[in-house]
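With the hints as your guide, set chain B onto chain A.
Protein chains: 2
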Amino acid sequence: MKVAILGYGTVGSGVYEIITNGKSEELKNIEVKSVFARSRDKMHLATDDINEIINDNEISVVVECLGGLNPAYEFIKRSLESGKHVVTANKAVAAKYLDEFVSLAKENNVKFIFEASVGGGIPWLVNLERTRRVDEINRVYGIFNGTSNYILDNMYRNEQEFDSTLKTAQDLGYAEADPSADIDGGDVINKIILSNALAFDIHIEPNFPTYSMRNITKNDIDYLKKYDYAVKYIGETNVADGKYETSVMLSIFDKGSQEAAVELNNNIITLDGSFIGELKFYGQGAGKLPTGNAIVQDIVDIYSNIPRKDVVIKNELVQSNELTSKKYLLRSSVELGGELIGSVEKYENEFYSITKEISLSQLSELTKELEGKDDKYLVAKFH
Amino acid sequence: MKVAILGYGTVGSGVYEIITNGKSEELKNIEVKSVFARSRDKMHLATDDINEIINDNEISVVVECLGGLNPAYEFIKRSLESGKHVVTANKAVAAKYLDEFVSLAKENNVKFIFEASVGGGIPWLVNLERTRRVDEINRVYGIFNGTSNYILDNMYRNEQEFDSTLKTAQDLGYAEADPSADIDGGDVINKIILSNALAFDIHIEPNFPTYSMRNITKNDIDYLKKYDYAVKYIGETNVADGKYETSVMLSIFDKGSQEAAVELNNNIITLDGSFIGELKFYGQGAGKLPTGNAIVQDIVDIYSNIPRKDVVIKNELVQSNELTSKKYLLRSSVELGGELIGSVEKYENEFYSITKEISLSQLSELTKELEGKDDKYLVAKFH
Numbered sequence: 001m002k003v004a005i006l007g008y009g010t011v012g013s014g015v016y017e018i019i020t021n022g023k024s025e026e027l028k029n030i031e032v033k034s035v036f037a038r039s040r041d042k043m044h045l046a047t048d049d050i051n052e053i054i055n056d057n058e059i060s061v062v063v064e065c066l067g068g069l070n071p072a073y074e075f076i077k078r079s080l081e082s083g084k085h086v087v088t089a090n091k092a093v094a095a096k097y098l099d100e101f102v103s104l105a106k107e108n109n110v111k112f113i114f115e116a117s118v119g120g121g122i123p124w125l126v127n128l129e130r131t132r133r134v135d136e137i138n139r140v141y142g143i144f145n146g147t148s149n150y151i152l153d154n155m156y157r158n159e160q161e162f163d164s165t166l167k168t169a170q171d172l173g174y175a176e177a178d179p180s181a182d183i184d185g186g187d188v189i190n191k192i193i194l195s196n197a198l199a200f201d202i203h204i205e206p207n208f209p210t211y212s213m214r215n216i217t218k219n220d221i222d223y224l225k226k227y228d229y230a231v232k233y234i235g236e237t238n239v240a241d242g243k244y245e246t247s248v249m250l251s252i253f254d255k256g257s258q259e260a261a262v263e264l265n266n267n268i269i270t271l272d273g274s275f276i277g278e279l280k281f282y283g284q285g286a287g288k289l290p291t292g293n294a295i296v297q298d299i300v301d302i303y304s305n306i307p308r309k310d311v312v313i314k315n316e317l318v319q320s321n322e323l324t325s326k327k328y329l330l331r332s333s334v335e336l337g338g339e340l341i342g343s344v345e346k347y348e349n350e351f352y353s354i355t356k357e358i359s360l361s362q363l364s365e366l367t368k369e370l371e372g373k374d375d376k377y378l379v380a381k382f383h
Numbered sequence: 001m002k003v004a005i006l007g008y009g010t011v012g013s014g015v016y017e018i019i020t021n022g023k024s025e026e027l028k029n030i031e032v033k034s035v036f037a038r039s040r041d042k043m044h045l046a047t048d049d050i051n052e053i054i055n056d057n058e059i060s061v062v063v064e065c066l067g068g069l070n071p072a073y074e075f076i077k078r079s080l081e082s083g084k085h086v087v088t089a090n091k092a093v094a095a096k097y098l099d100e101f102v103s104l105a106k107e108n109n110v111k112f113i114f115e116a117s118v119g120g121g122i123p124w125l126v127n128l129e130r131t132r133r134v135d136e137i138n139r140v141y142g143i144f145n146g147t148s149n150y151i152l153d154n155m156y157r158n159e160q161e162f163d164s165t166l167k168t169a170q171d172l173g174y175a176e177a178d179p180s181a182d183i184d185g186g187d188v189i190n191k192i193i194l195s196n197a198l199a200f201d202i203h204i205e206p207n208f209p210t211y212s213m214r215n216i217t218k219n220d221i222d223y224l225k226k227y228d229y230a231v232k233y234i235g236e237t238n239v240a241d242g243k244y245e246t247s248v249m250l251s252i253f254d255k256g257s258q259e260a261a262v263e264l265n266n267n268i269i270t271l272d273g274s275f276i277g278e279l280k281f282y283g284q285g286a287g288k289l290p291t292g293n294a295i296v297q298d299i300v301d302i303y304s305n306i307p308r309k310d311v312v313i314k315n316e317l318v319q320s321n322e323l324t325s326k327k328y329l330l331r332s333s334v335e336l337g338g339e340l341i342g343s344v345e346k347y348e349n350e351f352y353s354i355t356k357e358i359s360l361s362q363l364s365e366l367t368k369e370l371e372g373k374d375d376k377y378l379v380a381k382f383h
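Chains as they are written, first to last, in full-length UniProt numbering: chain A, 1 to 383; chain B, 1 to 383.
For reference, chain A alone in the conformation it holds in the complex (with noise of 0.2 angstroms):
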């Protein structure tokens, strides 16, 4: 079975690599006949004409590892036009084309697949899909982002501001130059938007709770330790009585907690099933070979025509802000007080107020309030 890759970058040459030196008798008949990159010397299969590509019927199978949404967009949705499986690590493009791709596959009687978007090396979604043959989901949550990861685990074990956390991490190649995407909420909202759609069959806007991590200080997490707590980057989504909750906001753990014990840029990932109760997958989320490795795994399971269940979107569920009762911790320079606030500790010239049982909606009143008042206000989950 021949393929191509799009995209040479680290994703893209991990796959290589792994088709081209992995010993197992599956990957003896996949080839990769052709590389979509920019210039030849990079390597010798490259081209610079997606055309070559799409018109090549011996190709079978398109891997995009191009990132962002132009032009994998146009790229996918031509291979799947011209009768090619396509499977992805671009979370960006899955998440917000998963409709049409998924239809265009149907259409044309290929697969779309895309493990490698959420969870990295960790068999995530494959599983997602195989509990679901038996269980219902009630619940998905997890460290869905290393960049996030490593800088919270960074700040805690040693004690370092959020700056220079950042800082360490872009020097080591974690976080990008511009670290938005993972501290700010965007990477996670596509992982959580392309897991509901294997667990819960909806396909969602990004309009739900989202809070960004870069308001973080030293101070926040001594405060936190004080209390034996850890803090993580949490996406979640709860269901129940036909209704979803979502939302990806900073979330505090128990010390003795998996979560907790998440070191560096590792990832963890949750289902909760109502015969099986917690499943936690954990592993490498990012990098060359683990997500290498889990687009190829997608490339074996359409050589093997492995059964994956179609994602079917049927969006049965209505979003809601008030499906789940939980305690916030807010910190603020400015006191909050009202119904919704249960306590409020002075801590270093900071408020911590810790909130009432409250529905994501009622944290939003509150974090209005706050607006205007103290822009750098924290605000976490107690999961």
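Just to be clear, a hint being listed does not mean it is correct.
Far from chain A by the CB rule (all over 10 angstroms, computed), these chain B residues [what the hints assert, rightly or not]: (1) LYS33; (2) VAL102; (3) HIS203; (4) GLY342; (5) GLN362.
Derived lysine-lysine pairs resembling PhoX-like cross-links, with alpha carbons at most 25 angstroms apart [as the list claims (entries may be wrong)]: (6) A:LYS255 - B:LYS225; (7) B:LYS376 - B:LYS218; (8) A:LYS314 - B:LYS23; (9) B:LYS28 - A:LYS314.
Hints are computed from structural coordinates only; laboratory data are not their basis. Heads up, the beta-carbon is just placed ideally off N, CA and C, and yes, glycines get one too.
Relative to chain A, chain B alone:
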């Protein structure tokens, strides 16, 4: 597709409940036709005549939930010989007769699947199998036994002695009246043998280094806590250079590790792949619905004709007890000395010796030295 369940205890009744009450599309075409159980008054489908099931051509899958070696061995064999697929949660019979069952299944063109026998509800074996389609596995290890973890967790968190904790576990139904299989290694031995088969194509005898956990004391836990360590009961196999090394023993982890964070009777199992790095799978390792769920997943694989990879026993690896060099903790009432010991500390009238980095063979020299002098000695590996 019609199924018979052998045994209607915890697991068997869980399988029945999930098939009957589950709401997924996949379950609509699966029906329990017969249950092998001693009396008809326990459930309406019961028969105490195994021949009724074996001779029923409508039944294409036999689910063995009897436990133990007999009559499970005979019933599995007869089921396979009569062209029925067999799914089992019975690690004892699967670990002992794996070769024979795999051959019989192949001859009769049916499946022998045993996902639920290792890790209960955790999709461990299926992910091990999947990983190997692309990757080579170098190591598997984990907390495979919920009862031993319940005991260690309770001793650690509630500062209890071993005996009182074991009694609590027995009262709660987590431990058997005869706890030997859980605390002396028998259960983990079977589970690591089955994991080895899927990870490394070997079917090994239970003749590898195995140390009971029944000698652990509150004093040991206190000593380890002093250094921010937790201790867990671990099955482990390492593979390199054409050799394998398997052991079952207490192992010492940093307090902040994923393993240390496993509470109650949960399990966590890790694989280390050349490309993928470490993947960890966490969940309920036992119990009616989690284990039942894993069995029903196997049935769905058979129904959906998912091409599960055949277990192929090649036995190309040679057993070694010299593959890894690790530090070990030995606690004894007599003092150890000699070349293999790195340091000794006296704590509450016991000697806590930490070895240099030594092999499992060298460890066994040390424990042989203790036998007869102090039969209550403790041994634990620094993970």
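Inset, instruction - Say whether it holds or is violated: VAL102 (chain B) keeps its Cβ farther than 10 angstroms from all Cβ of chain A. - result: At roughly 17 angstroms from the nearest Cβ of chain A, VAL102 (chain B) sits farther out than 10 angstroms, so the non-interface label holds.
Legend entry - Pair hint LYS376 (chain B) and LYS218 (chain B), alpha-carbon separation not exceeding 25 angstroms: Given pair LYS376 (chain B), LYS218 (chain B) holds - Cα atoms ~13 angstroms apart, limit 25 angstroms.
Legend entry - Pair hint LYS314 (chain A) and LYS23 (chain B), alpha-carbon separation not exceeding 25 angstroms: holds, 16 angstroms
Inset, instruction - Hey, is LYS33 (chain B) genuinely clear of chain A, shortest beta carbon separation above 10 angstroms? - result: LYS33 (chain B) clear of chain A: closest Cβ-Cβ about 19 angstroms, beyond 10 angstroms.
Legend entry - Non-interface label on GLN362 (chain B), tested against every C-beta of chain A at 10 angstroms: With a cut-off of 10 angstroms, GLN362 (chain B) remains clear of chain A, as the shortest Cβ separation is near 31 angstroms.
Inset, instruction - Examine each Cβ of chain A, and state whether all of them lie more than 10 angstroms from the Cβ of GLY342 (chain B). - result: holds, 27 angstroms
Inset, instruction - For the pair supplied as a hint, LYS255 (chain A) and LYS225 (chain B), confirm whether the alpha-carbon distance does not exceed 25 angstroms. - result: The hint holds at about 15 angstroms.
Legend entry - Outside-interface status for HIS203 (chain B) - nearest CB in chain A farther than 10 angstroms: holds, 20 angstroms
Inset, instruction - For the pair supplied as a hint, LYS28 (chain B) and LYS314 (chain A), confirm whether the alpha-carbon distance does not exceed 25 angstroms. - result: holds, 20 angstroms
When held up to the earlier numbered hints, the structure conflicts with none and fits them all.
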